[in-house]
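Using the sequences provided together with the hints, build the complete structure.
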Amino acid sequence: MSSYQFLASNKPLKEVTNSFVKLLSINDMIANNMEIPDFLLKTTKDRDEKIVLQCDSEEHLDEIEIMNENSIQVGYLKKYTNKKYISSLTWRYTDKRAEELLQYIKDQLKDVDEIELWDTWMDEKIEEPIIRELNIQDLTVQLIKESVGKGCYGKPSCLKITIKNLLYDFQE
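For the sequence shown, the residue numbers in the working numbering are 2 to 173.
Everything labelled a hint here was simulated from the structure, so no lab data went into it. Do not take every clue at face value.
Derived pair list, reagent style BS3-like, types lysine-lysine, alpha-carbon separation capped at 25 Å [claimed, not checked]:
no.: 1; residue 1: K107; residue 2: K85
no.: 2; residue 1: K46; residue 2: K23
no.: 3; residue 1: K161; residue 2: K97
no.: 4; residue 1: K84; residue 2: K15
no.: 5; residue 1: K165; residue 2: K107
no.: 6; residue 1: K80; residue 2: K12
no.: 7; residue 1: K165; residue 2: K85
no.: 8; residue 1: K146; residue 2: K80
no.: 9; residue 1: K146; residue 2: K161
no.: 10; residue 1: K111; residue 2: K15
no.: 11; residue 1: K97; residue 2: K15
no.: 12; residue 1: K161; residue 2: K111
no.: 13; residue 1: K84; residue 2: K156
no.: 14; residue 1: K23; residue 2: K43
no.: 15; residue 1: K15; residue 2: K85
no.: 16; residue 1: K46; residue 2: K97
no.: 17; residue 1: K161; residue 2: K85
no.: 18; residue 1: K165; residue 2: K12
no.: 19; residue 1: K111; residue 2: K12
no.: 20; residue 1: K161; residue 2: K80
no.: 21; residue 1: K111; residue 2: K23
no.: 22; residue 1: K156; residue 2: K146
no.: 23; residue 1: K151; residue 2: K161
no.: 24; residue 1: K97; residue 2: K107
no.: 25; residue 1: K107; residue 2: K151
no.: 26; residue 1: K146; residue 2: K111
no.: 27; residue 1: K12; residue 2: K84
no.: 28; residue 1: K85; residue 2: K156
DEER-style ranges, computed between Cβ atoms [as the list claims (entries may be wrong)]:
no.: 29; residue 1: M68; residue 2: K46; range: 19 to 25 Å
no.: 30; residue 1: E16; residue 2: I132; range: 22 to 28 Å
no.: 31; residue 1: P13; residue 2: M35; range: 18 to 24 Å
Even glycine gets a Cβ: it sits at the ideal position worked out from N, Cα and C.
In structure tokens, the structure reads:
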């Protein structure tokens, strides 16, 4: 079993890839004069298949990635949300990354009316989640940290983030 963090919405969300990570093929490595371990040179794999992960630092491996999800069983996710679209969130919490996630959610709320930010544990036993509803104006780095950045799992939690009150603010 493991921790699973995701965003849920009624429209697809924009994917975010880790720009520090590159997938390379054996031929890419040869073309770039990179050192190649013997076991890769002796493999029967297609030399053009991207099988090697390259990143300039271990810290950069943990940057935010948000990917449209289609590999998690729908039955598992339906225990938490009734939203149609799920995007996995892969990262390691830092205040800087939480700021980036906050900005990402703000940007996505231009196209969707609500985003759920979930922290779950993939297990057959489903505990009653802690759900907090709030307006995007009230979302802070501290709330993100409390919800999905704790570093250890307690119980399922969700921030349901909307823009509902923003419409009134723009009309003033």
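Violated hints - listed by number, lowest first:
16, 21, 31
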